[in-house]
Every structure is written in structure tokens, then in C-alpha cells.
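Chain by chain, the residues run as shown.
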Amino acid sequence: MPAAATVSEAPAPARAWLARPRSGGTLLLAALVALAPLALPNNYAYEIAIQVALNAVVCIGLNLLIGYAGQISLGHAGFFALGGYASAILASRYGVPVWLSLPGACAVVGLLAWLLGRPTLRLKGHPLAMATLGLGVIISIAITTEDRWTGGPDGMQVPPLVLFGLAVQGEQVWYWITGALLVATVWLALNLIDSPNGRALRALHGSEVAAQTLGIDCARFKLQVFTLSAMLAALAGALTAHYAGFITPAKATFLHSVELVIMVVFGGMASVFGAVVGAAVMTVLPQLLTALKDYEMMVFGAVLVATMVLFPQGLVPTLARWWGGRPQ
Amino acid sequence: MGAAWLQFVASGLTTGAIYALVALGFTIVFNASGAINFAQGEFVMVGGMSAATLAAAGVPLPLAILLAVAVAVIVALVIERVAIAPARHAGTVTLIIITIGVSLFLRGLAQLVWGKGVFRLPAFSGEEPIAIAGATLLPQSLWVLGGATVAVLALRYFYGRTLAGKAMLATAFNRLAAQLVGINTRAVLFASFGLAALLGAVGGVLIAPIAFTSYDAGIMLGLKGFAAAMLGGLGSFPGAVLGGLVLGLLEGLGAGFVSSAYKDAIAFVVILAVLFFLPGGFLGARSSDRV
Amino acid sequence: MGLSTLSRAAVRPVLAALALAGAAASVQAQEAIRIGAFLSVTGPAAFLGDPELKTLEMYVERINAEGGVLGRKLQLFSYDDAGDAEKARTFAKRLIEQDKVDVIVGGSTTGATMAAVPLAEQSGTPFISLAGAVPIVEPTKKWVFKTPHTDRMACEKIFEDARSRKLSKVALISGSGGFDKSMRAECVKVASKYGVDLVADETYGANDTDMTAQLTKIKASGAQAVLNAGFGQGPAIVTRNYRQVGLTLPLYQSHGVASREYIKLSGPAAEGVRLPAAALLVSDILPANDPQKPVVSNYRKNYEDKFKSDVSTFGGHAYDGLMLAVNAIKAAGSTDKAKVRAALEATKGYVGTGGVVNMNANDHMGLDLTAFRMLEVKDGKWSLAK
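Chains as they are written, first to last, in the numbering used here: chain A, 38 to 365; chain B, 15 to 305; chain C, 402 to 787.
Among these hints, one or two may not hold up.
Calculated cross-link-like contacts (lysine to aspartate or glutamate; reagent style DMTMM-like; alpha-carbon spacing at most 25 Å) [what the hints assert, rightly or not]: (1) Lys665(C) to Asp706(C); (2) Lys130(B) to Asp331(A); (3) Lys694(C) to Glu467(C); (4) Lys130(B) to Glu498(C); (5) Lys749(C) to Glu539(C); (6) Lys161(A) to Asp254(A); (7) Lys594(C) to Asp184(A); (8) Lys543(C) to Glu777(C); (9) Lys542(C) to Glu208(A); (10) Lys590(C) to Asp780(C); (11) Lys749(C) to Asp737(C); (12) Lys740(C) to Asp500(C); (13) Lys738(C) to Glu208(A); (14) Lys709(C) to Glu296(A); (15) Lys707(C) to Asp254(A); (16) Lys330(A) to Asp602(C); (17) Lys130(B) to Glu462(C); (18) Lys567(C) to Asp602(C); (19) Lys782(C) to Glu705(C); (20) Lys694(C) to Glu777(C); (21) Lys130(B) to Glu705(C); (22) Lys330(A) to Asp500(C); (23) Lys782(C) to Glu142(B); (24) Lys130(B) to Glu432(C); (25) Lys330(A) to Glu705(C); (26) Lys543(C) to Glu208(A); (27) Lys665(C) to Glu142(B); (28) Lys130(B) to Glu662(C); (29) Lys594(C) to Glu672(C); (30) Lys474(C) to Glu141(B); (31) Lys590(C) to Asp331(A); (32) Lys130(B) to Glu296(A); (33) Lys782(C) to Asp737(C); (34) Lys330(A) to Glu498(C); (35) Lys740(C) to Glu141(B); (36) Lys694(C) to Glu705(C); (37) Lys590(C) to Glu183(A).
Between beta-carbon pairs, the in silico distance windows are [stated by the list, open to error]: (38) Tyr171(B) to Asn234(A): 45 to 55 Å; (39) Gly105(B) to Asp331(A): 31 to 41 Å; (40) Leu183(B) to Gln499(C): 52 to 62 Å.
Honestly, the hints are just simulated from the structure, not real lab data.
Even for Gly, the Cβ is constructed at its ideal location relative to N, Cα and C.
Model the full structure from these sequences, guided by the hints.
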């Protein structure tokens, strides 16, 4: 009687399926999300986990733009904050139920990104960086100044998400929501990359001119990715607002945009899991460095420089290369 | 009302000259490496803070300025060796992140060394405002404007007439070709960082009497300086000065005539409009892609 | 040696060891009192958070050196939120959930404070805020208190003074930060109560270096006095530009720049500027019978001796916060949160750097307008305005 097949004797297709990032990787992430609560001792730890998940969602979108499509955005915090404020204003001033104001905010920001993206994405390189930076600053100033709508620099209170008559409050509930969102976003992003649209994006990154000669409508793809990443940022921003119960313009500043880009580049461009890792490290690291008090900023800067010098392509791609032993 | 708009212009030129000085530093590093040095604002801050604390400790002003500039240059050269040179083959975005890390490091270091206070230097030639047709200008603003002009002329001479300057230009144009004719491109990058820090530190010293200085003064200056450099045309020295002055004027006139709350937004809207039509800025190269 | 002798010889050292262990255990059982603080030590509000942190650290050390509170040592857990309200909320949560603090003294800015208020209310942790705006204590929240004067009080003190000088047309100029905007809004609300007509309303950015454009517009507005609701370095630049454009109208600043640094940065232009401030800044010229004189002189001496830098009213607010907490713990006889809260609410006649504090169930700040003194810059120094 033959012994039950062990994993190593499992049929080849199953092993191959597990090895692919879209399936195996997503499964691993889902398992991590499901099991992590065993290691989270208190609500503060859950809070950090939620922040990691939401930052990761933004970073996945931003990574699609920077890493795969080869563009740059130094103003993404503007979309994040707009998503939060739009949902907050719709919910508190117009009485729109939050489960409706959330997608509504994403739609509004998506439309804005689509309209602004058309002229902006015709720029390349440094002018594009400057244009996105300018957009972010303009949004930030508008939010801070229009205090009748937004509450000004001290921010505004945001009503909680209400589902089926129950207010969704509490770290543990939100952990599951944001964890599920993260896994879904990772899966979607990996799907996108493997799709014809994704291949077009990667061709665009390789050489925009060559891609055009192959008949790829680069402007359209760039705009699509820009809009998608803006909507992901808006979704994360809106969820953050309803989870925390308030929102301030600090979320729209240039410094926040830079933080997001650091997360993406640190974790690894053109790598969805890199974006997740980058978000995780950059969210947890400041919490660990608080022990250093006055030295925190200096050490953070030094760590950033050292990591980028040693891993110029970001953490995950470089580690993957060492692991795989073959060039990517 | 006639004097009012003249005052708006004077105010704009004062801030514009500050931005021009910072923008020049961006241009130098860009010309040498094609990268944006987001730590340029911090070089300005280091120059201003060093001079202010030395002067407060009793060091005579000219010596304090000299020492301050020297400090900034040494810091910049060390950073170039440690953080920039090892990564010079990395992509542009990576280099940007590295310079951001450097700026964080310098800010953290400044906070430790000098604390979080705000400092100023005494004005170089007195505090009496100069009245021109009803508007007033501080003598220090003229120093800043003069400093920017002298800097542009000096850089023009350096890049145009000296061998070292020409070597830098050649490296910016085509690194491989420059190496082939025997130019030490690593030394060029090294020197250009020092030069950018020199300029930045001088700028920091010149503006400390009117704009004050503190450990985090570099953030906004870096941002506006970058915007000014882009507006005027990245890579062009007259462009950097022009971009700085125009940005300052936009802010001053915007504050005066439209809304003081939105003046920065107005300035950025104009910059975006210019970039959409002239991606290279006013005086930047009309770029053509190599296919 | 018989067994009994041996055992008797052994008993004494064992008993002694047990006694020592018991003493050690009882000392260990005297757990430290945990004070939590989240402050804006860096960032745009470092002006506030830096002296606050220094003050808290210095006085926790001093109190511990004098034997602690209720025989227990104080342990300070402090975090820097860099002026970001979201970070403040995370740190407040960390203090409550992970560090399990008994009382929180913190929240340098209104944004940071308001972000942490729901956490304090839900977890039932006494929270003494160090921020200025009115909404922190109006409407009164059960667990939230504050030590600084409200910005509304600053406006009222200034307008009161303006009215006494027969100035009714006032021009406002303020910055874009939370403190500035909040004070500006309060001034707009209370102006008419004092017969003040606001004829101009200019703003500037936090990092701006030239405000002559805005001041030129104010010059043309027919104002009789100017009020600069701001803090940080902006007001110093406004003051310099003020003289530069030739304005000689009375200039009022906010309590946010009640510091010697403001005078140093503004130079001779600051002469004649008035602002409302706590007695701390003029401790040396207070009359001997002023009830605040001993407290403020003491605090000032300790701070300036240790840190070799000028005392700050914001550090004074942190001192008051810590002392109120310590006094409440002593009055409650334990760190039981409900008892401490009740003791805080019952504070009467506490003489602090900010004034004399009398709290009750509807007033979790406890200061009135007399806690503010109107100061004027004379000969490059702060003096009491006549």
C-alpha cells in the first residue's frame, strides 16, 4: 500500500502554484494576518498593526505608479487627506451614511486625479516630481485654509463607520477589516501586474518610446495607474479618518508624501510585497526608536541612508536576489 | 495705493532673493550628477546656525561667517563620501531618498547640537530701512540680492573660464565621455557637493538677519528653492535666480492683491501652469529625448 | 553541638533573611507612580513641547529625590508627537494600553489634545492638557483638565486693555498654525463685547520671512491698533517689518510669544509691544506680597539654573500640570483613577505659575482673567504695563 504522498512528492503543478507570488505569497500574507493577533498583546499593538495595513494599501498603489510605471509622485499625501476629508465632510455635514461616503470619497478623489493627471503626466522626471509636489502643497493649503469646511489646522471630528446599525469601533474589529483589505489589495495588485495591462505598464517603464512603437497607449495607462493609486490612497485616508474619529491637515503635508515615497523605495520598487514590507518597517521603526529620544531623527536618517546605500533597489528585491541566487 | 504695490514688489524681491540663493545650490548638484539634493536646505541651515551661534559666543562676525561656511563645506564633503559616492550608480529615486535621509540626519544633528531655539545674526550694514518711492527695503535684502548676483557671475566665470569648471560641465553632459578624456568624475561630484554647500552656507548667513534660522529652517527653504530651480529651469544658473525672484514676486503680489492665506497656493498654481507649457522651466534646456 | 543548638543557630540568620526579603518585597510592592506625557518636542510646536518636557523631567527627578509621592517614586513615560495629532493619538494609546500610566500630563497643541480626549474618556484616565484652545474644557469633559489660559482669555485681556486706551479699530494679523487660527477665531467672536471693530484680517504662513505686504494693507485700513495672534518666529518678523514699514500704532502680541527670545529676535522694534502673559515672565519685579511670587521665582530659578536658557510660560504650564496631578494623588491617597479625578476637580487655591487655580465640576481649568497680567516691553525687558 503506497504511503500517503508527502509535500515534497506533491504533484508539480501544486508546488508551482504555491511558489507563484499571486497565490503562494498572498496565502502567506493571509496566514500572517490571521495569526498575528496571537502575538499582539494589547490595543496599542493592534493600533500599530492597523496603521501598517493602511499604509501598506497606499504604498501598494504608489508602488504601481513609481515602481512599475516608472513615474513619481511627491504629492500623494494630498489624495490620502482628500479621501479622509471628503468622507468626513459628506458624513458629518451632509449626513451621508459612512458606508456610502467611503466609496463616494474614493470616487471624488479618483475623478480629481483623472482630471489633474491628464496634463500632469505629460511631464517626465523632475518636472513631474515638481508638478506632483505642487499639487500636494496646493491641496494641503486649501484644506488648512478652508476651515469652515475642514476645521482648519486643528482638524475635524469624524463620525464612525456604522454597519447594520452598529458603530464599528474598537481596535480588534478594525484590525480584521484593514487586514482583509490589505490581502485583497495585494491580490488585486498582483493580478493587475500579470495582466495585459500590467505588462503594458512594465513595457512603459522599460522604455516609453519603445512601448509606443508597439502600439501601447502610454498616456492612457499612465493615467489609469495614477487614478488607481490615488483612489487607493483616498480609501486608506478615509478608513483612517473613520477609525481614528478625527482628521487633521498633517496628513496632507509634503512631509507625509515624502514618508510614503520612502516606504515604497525602501521596501523595493516594482515589488508588491516590497511595498508591504516598506510600510511595515517605516511604521514600526519610529515606535521602536522612541527610546532614543533626542537622537531619534538622527538615527532614523542614518538608518535610511545606510539601507538605501546598501540596498539600492530596496529591501525586498535585493533580499530576493540574494535568496534566489540569480539576477532579476 | 501706489506705494502699496511697490511694497508688495519689494517684499517679493526680498524673499525671492533668498529662494534664488537656495536654488543655485540645487542647480550645482544637478549639473554635476543629474540628481536633486533634497538636503540643500539643510546646508543653508547649517551655515546660518553655525554663524549665529559663533557670533553669539562672541566671535567677530567676519570670522564667524568664514568658520560657518567652512563647517558646512566639511559636513557636505563628508556626507558626499559616505552617503552619495557609494550610491552614485543607483537610480534617481534612490538618490532622492538618500538625500532625504541625509537631510533628516542633519536636522537631527542640528537639533542635538544647537537645540530648538530660533537665532538671528545682526544685520551687516545696519537696520535702517531704505525708502524708495514710499516702499521700504531693508539693507540686508540688498545684501542678499547682491550675494545672488555675485554668485551667478562667479559661477559663470568658474564654469566658463576655469578648467575645473569645464570639467564639471563635461561630466554633467556625458559622464562616460568625460572619463574618456581623463576627467576624474568622482572628484567632480565631490567638489560640486562642496561648492553647493559653500553657496548654501553663504546664503544661510546672508538671510539669517531677516529670515532668522533654526534647526528646521531647511525644510521650507529646500522646498521653495527646489520649486524656484524648476521654475527657472533646472541646470541654468540665471534660471535659478530668475526662478527664485519670480517665485518671491508671485508670493508677495499674491499676498498683497489676492489673499495672504493662499499666496503659496497661487505661486504653485503658476509654477504648474508654466511647467505644463514649458517643462524645462523658463531658461531650462528644451529637452529632447534620445530614442 | 546538639541538633537544637544547630537549628537555633540556623534560625536567626534565616529569620533575618526572611525579614529582609519581606522588606524588599514590600518596597517592590510600592510600585512607581506612572506619569505619561505626549508632547510636541520637535516640529512646528517645539516652542511648546521642549520646555514642557524639560520641566517634567526636572521636577520628576526633584520630587523623587525628596522621597516621591505617598512613599512611591514617580516614573515618567514621555513621547514626542512632533506636532502631528495622529502620532499624538498613537502615543496616548501607547501610554494608556502599554505603559499603563496613572495620569497623563501632555498634549502640547490643541490638535494633539483633542485627538487624545476620546481615549482618556473611554479608558477613564485623568488627562491634564497643556494646550490653549477653549474646546478642550468647553463643554467640560469628565476626565480632561487643562492648565494654560485659553486663547479666548488672551483676546479678552487684550481687548480690555485696548478699550482702556480708547482704541476701537483693531487690525488682526495671524499665522496659519492651529494656535494662531484658534486665537483669531476667538478674537473675532469676542471683539464686539469690548466695542472693538476688526478692520483688517491678514494672514501669513508659518515659515514666511517677510510680512511687509500684509502690513502695508493694514496701514491702509484705518486701524488704531494691531493684534498679532501668532506664535513661533512669525511674530518676531512681523514686529521687525512693523517698524520697517513705518507703523507706529500700538501693537499687541499673543501669549504665545511671551518669552525673552521674542525680544531678542525682534530687537529694538519690540519696544512698546504689549501682550497678556502669566506672572512667570516678570517674577523679579512682582511686588513682594503677590501670591504667585514665591512659586514663579522658585520655578524660574530652578529652570534657568539647570538649563541655562530663559524660562518659558509653556514650561510653567507643564509644572502646574505635574503639581496638580501630584497634589491630587496625595489628596486621593492612592492612584485610583476615579479618586484622582475627583481630587483634581476639587482643586482649590492652588498657586501655580499660571495663576491661582480653583476648579469645580463645570470648570476644569480654574483660572480667571486676573491670572493674566498685561506686560509691555520696556528697555528690552518685560515689565508690567501701567
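Outcome of the hint check:
1. Lys665(C) to Asp706(C): Given that 25 Å is the threshold and the Cα spacing comes to 20 Å, the pair holds.
2. Lys130(B) to Asp331(A): holds, 11 Å
3. Lys694(C) to Glu467(C): With Cα atoms ~23 Å apart, lysine 694(C) and glutamate 467(C) stay inside 25 Å; holds.
4. Lys130(B) to Glu498(C): Roughly 31 Å separates the two Cα atoms, so the pair is violated.
5. Lys749(C) to Glu539(C): holds, 20 Å
6. Lys161(A) to Asp254(A): holds, 16 Å
7. Lys594(C) to Asp184(A): Between lysine 594(C) and aspartate 184(A) the Cα gap is close to 24 Å, so the pair holds against 25 Å.
8. Lys543(C) to Glu777(C): It is violated: about 38 Å lies between the C-alpha atoms, which goes past 25 Å.
9. Lys542(C) to Glu208(A): holds, 23 Å
10. Lys590(C) to Asp780(C): violated, 34 Å
11. Lys749(C) to Asp737(C): holds, 20 Å
12. Lys740(C) to Asp500(C): holds, 20 Å
13. Lys738(C) to Glu208(A): Holds, at about 23 Å.
14. Lys709(C) to Glu296(A): violated, 35 Å
15. Lys707(C) to Asp254(A): With Cα atoms ~67 Å apart, lysine 707(C) and aspartate 254(A) exceed 25 Å; violated.
16. Lys330(A) to Asp602(C): This hinted pair is violated, its Cα atoms lying about 40 Å apart.
17. Lys130(B) to Glu462(C): Within the cut-off at roughly 23 Å; holds.
18. Lys567(C) to Asp602(C): Between lysine 567(C) and aspartate 602(C) the Cα gap is close to 20 Å, so the pair holds against 25 Å.
19. Lys782(C) to Glu705(C): holds, 17 Å
20. Lys694(C) to Glu777(C): Holds, at about 19 Å.
21. Lys130(B) to Glu705(C): Answer holds: lysine 130(B) to glutamate 705(C) is near 16 Å, not above 25 Å.
22. Lys330(A) to Asp500(C): holds, 16 Å
23. Lys782(C) to Glu142(B): With a Cα-Cα distance of about 22 Å, the restraint between lysine 782(C) and glutamate 142(B) holds, given a limit of 25 Å.
24. Lys130(B) to Glu432(C): violated, 35 Å
25. Lys330(A) to Glu705(C): holds, 22 Å
26. Lys543(C) to Glu208(A): holds, 23 Å
27. Lys665(C) to Glu142(B): Given that 25 Å is the threshold and the Cα spacing comes to 18 Å, the pair holds.
28. Lys130(B) to Glu662(C): Roughly 12 Å between the alpha carbons, so the hint for lysine 130(B) and glutamate 662(C) holds.
29. Lys594(C) to Glu672(C): violated, 29 Å
30. Lys474(C) to Glu141(B): violated, 53 Å
31. Lys590(C) to Asp331(A): It is violated: about 40 Å lies between the C-alpha atoms, which goes past 25 Å.
32. Lys130(B) to Glu296(A): Holds - the C-alpha atoms of glutamate 296(A) and lysine 130(B) are around 22 Å apart, at most 25 Å.
33. Lys782(C) to Asp737(C): Not satisfied, since the Cα-Cα distance of roughly 45 Å exceeds 25 Å.
34. Lys330(A) to Glu498(C): Holds - the C-alpha atoms of glutamate 498(C) and lysine 330(A) are around 20 Å apart, at most 25 Å.
35. Lys740(C) to Glu141(B): Cα-Cα ~59 Å, so violated.
36. Lys694(C) to Glu705(C): Holds, because 16 Å separates the two Cα atoms, which is no more than 25 Å.
37. Lys590(C) to Glu183(A): Given that 25 Å is the threshold and the Cα spacing comes to 18 Å, the pair holds.
38. Tyr171(B) to Asn234(A): 45 to 55 Å: Check passed, 53 Å falls within 45 to 55 Å.
39. Gly105(B) to Asp331(A): 31 to 41 Å: holds, 33 Å
40. Leu183(B) to Gln499(C): 52 to 62 Å: holds, 57 Å
Of the numbered hints given earlier, the model fails hints 4, 8, 10, 14, 15, 16, 24, 29, 30, 31, 33, 35; all others are met.
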